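Residue numbers (this note's numbering), protein chains in the order written: chain A, 1 to 231; chain B, 1 to 231; chain C, 1 to 231; chain D, 1 to 231.
Hints were generated in silico from the structure; no laboratory data involved.
Note that the structure is a prediction, hence the values are computed from the model and not measured.
Do not take every clue at face value.
Said to hold, decoys possible - Straight-line Cα separation of at most 20 Å, EDC-like style, residue types lysine to aspartate or glutamate; simulated pairs:
(1) B:K10 <-> B:E176
(2) C:K213 <-> B:E222
(3) A:K104 <-> B:E222
(4) C:K10 <-> C:E179
(5) B:K213 <-> C:D223
4 protein chains.
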Amino acid sequence: MSQSLSESLKSLASPIINQIYNDDFIQSMLDGSTPKGSIEHYLRADHQYLNEFAKIYALLVPKAHTNEEMNFLLSQIDFVINGEVDAHYFLSEYVGKSYEDIIKGHHHWYPSADHYVKHMYYQVNMREDIAYTVAAMCPCPYVYQQLALKMKEHHSLESNHPMLKWIDFYVEGMDELLEYLFNWIDQSAEMMSQDEVEDVKMNFLQSCEHERKFFNMSYQQEDWMWNNDEQ
Amino acid sequence: MSQSLSESLKSLASPIINQIYNDDFIQSMLDGSTPKGSIEHYLRADHQYLNEFAKIYALLVPKAHTNEEMNFLLSQIDFVINGEVDAHYFLSEYVGKSYEDIIKGHHHWYPSADHYVKHMYYQVNMREDIAYTVAAMCPCPYVYQQLALKMKEHHSLESNHPMLKWIDFYVEGMDELLEYLFNWIDQSAEMMSQDEVEDVKMNFLQSCEHERKFFNMSYQQEDWMWNNDEQ
Amino acid sequence: MSQSLSESLKSLASPIINQIYNDDFIQSMLDGSTPKGSIEHYLRADHQYLNEFAKIYALLVPKAHTNEEMNFLLSQIDFVINGEVDAHYFLSEYVGKSYEDIIKGHHHWYPSADHYVKHMYYQVNMREDIAYTVAAMCPCPYVYQQLALKMKEHHSLESNHPMLKWIDFYVEGMDELLEYLFNWIDQSAEMMSQDEVEDVKMNFLQSCEHERKFFNMSYQQEDWMWNNDEQ
Amino acid sequence: MSQSLSESLKSLASPIINQIYNDDFIQSMLDGSTPKGSIEHYLRADHQYLNEFAKIYALLVPKAHTNEEMNFLLSQIDFVINGEVDAHYFLSEYVGKSYEDIIKGHHHWYPSADHYVKHMYYQVNMREDIAYTVAAMCPCPYVYQQLALKMKEHHSLESNHPMLKWIDFYVEGMDELLEYLFNWIDQSAEMMSQDEVEDVKMNFLQSCEHERKFFNMSYQQEDWMWNNDEQ
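For reference, chain A alone in the conformation it holds in the complex (with noise of 0.2 Å):
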């Protein structure tokens, strides 16, 4: 029996997300060391994203076959707006600053996160069937809960570890979210040619690459050549 089209795209992400965890983001989560200022540009980033990751599970509500799929999109737009800010607090608790302080003002999408997102904006505005972006958007919790589950196992954290709040949230919810997006991946693949396959899994592996260049751009502090002088 020939593995399913979802088990072979966890495969291939495997050595991304093990550059990832390698990567001075992770690494310096773990140590403790990561500047402050990085966590910060991430937060920026990350709450930006997530606006426009809710929109976008918007966008797909018009492509749902079913009642029960609308309203799995509704029930994750929640999510995304609602629930998993709980996961940046946790860290702007280590910055030593309110949440609300550090997002303020701040407007444009950093230079990885704008491509990350329009990634994802491209596939939901020129694709009709739901695999091609929910195969773009699903690195996203597929990627913070293996690099959580990856930091739990190869460390024995202490309990009061700055990151295990935000570590813990990335264990823990996300695997009823991941059978559902998988699956759905799955399902569309069956009816699909091969160069439609071929474009689900390119567009899987490229936000895998995304998430790694985010973490990288966060931790470099990374801005536009344009926007020099807003800092």
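Got chain A sorted already, so can you dock chains B, C and D onto it with the hints?
Relative to the frame of chain A, chains B, C and D by itself:
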């Protein structure tokens, strides 16, 4: 002090609403003579219509400017999918069949409903400002509320009148929603050129006429020629 | 060997085309009795319609798979904007006014034209496969060609018949275009599920009915209620 | 009298253009040392890019306000598909392979090109006013013209310089196009709020940075990690 756009829209809609009130659908509802086939036709059409209405709300989400606007849209999607169906249950009682049996297996949009739905999609797909779409959607709750109020006002309906629960549904629940929608139109109109305001007005008045055509369509059980073999 | 989809569409369209042929617009064209106001209404409506038709072709360009398909679409946009207007000039001669004077200052779409145009926009905006939109557009040249052929076949029109040039325009120039469009539909249909083919068929037949409504709209000089003060 | 928006955009772009001029791609073009692999990478990337550029022009057609604007867009689509390829032929001569062989079988967008293309699609899909997209497209001809002018000005290139025909292509043909595009931006900006003008400015400056990343991408023959098995 000049009239707001929403007040002007209400005045312009008034003669159309009077016509709908005097047309066969509402008059027959009042005297209890609506053919059951017309109610069934209406339920099939309105089930589809509300499903698309919810999808169009979802397409508005990326156009929202604040989290509060986004949450309003999400709550309306929930109402349309899960709440407004109550009004449909009251009508299926009148028919004496289960709602699920009535709508089962019906997939296409009847001609006048098709026009109405595609009118709303055109706005949300082609126009960036939320007001063009809101103006096309707003007549749905507004016309129903106005018709229900007129029915209560002009007739002393017995407590066992078969349409009483349906009428009360629209007499009671629409105020807050309508205030929100009309306010949205008025706020957007402040930034608009005169030509743009005329387009908003046209969208609203066309949807009022679509409401009229929708009721007449159901009363006459209108369908496409190509579908003459369905029944 | 089974019938191709396009052959099946032509058979299904045949009774609708017969009805259009027997309706007032075409019959009055044949006996030279069409009210000039109806022709003017038609010219205003069709001027707007062709303008949107060209825009919808443009929206198909990103869905094209080859340079050759892109160039076909570009040549059709050019024909619709710059070529088909010749047919309009023949009709304005009948009215005895300049075409520019007839269409001047008219901006909105009359009700049945509005439905037709929004039907095509819905397809191009919501469906990725080019066939859904092509099926909605194809009845425009097909119905005109079939009507023109019938007019020539059933009547020996004198060389000074006022509609002769209009009829000849559609008798002659449509073959290559129609072959291209029907071939596009047939090729796409090969990859489609039965449900998807049914949607393509519905789009085509609805547009045939829209053609009928468009002619009747013009004959009766139909307009929106909200626009009752224009004329 | 205050500066027009387009004059301000040109000033703001100037330091970015200087950086591109001093980066490896252009400097190596001047001294004839560009690796052939970099030119091949550029040709594959730019072939794809121009194809999408043409499609984005097509998506602007429904946003045009006049027939003259529509005809401008159509002529540009034709230029991009059928005319600008000449510049590519000059570079494939340098490589010593046929252009068709170089681009054959390459389908995906390299990372920085992918970002640039999705930046333009985001504008055309999400923003109604034509200026947002035009501002994102305009740096393509503008930056090339400015680079070519600088190359001619600072160097006395021999008549047999391998890049001379490429340089002359962009020195000569861009004036009329650029005047049209900048004028479009200026006219739209007159109706815009300050926030909207800032978005237009951002779109333009981001595309200038995308031009820089595109050249560097080609020089370094950058690709996605997921595609490491292609070459």
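Restraint check for A:K104 with B:E222, where alpha carbons must lie at most 20 Å apart: Cα-Cα ~55 Å, so violated.
Agreement of B:K213 and C:D223 with the hint, judged by alpha carbon distance not exceeding 20 Å: Between B:K213 and C:D223 the Cα gap is close to 14 Å, so the pair holds against 20 Å.
Straight-line alpha-carbon gap B:K10 to B:E176, limit 20 Å: Since the Cα atoms of B:K10 and B:E176 sit roughly 16 Å apart, the hinted pair holds (cutoff 20 Å).
Pair hint C:K10 and C:E179, alpha-carbon separation not exceeding 20 Å: holds (12 Å)
Distance restraint between C:K213 and B:E222, which requires alpha-carbon spacing of 20 Å or less: holds (14 Å)
Checked against the numbered hints given earlier, the structure breaks only hint 3 and satisfies all the rest.
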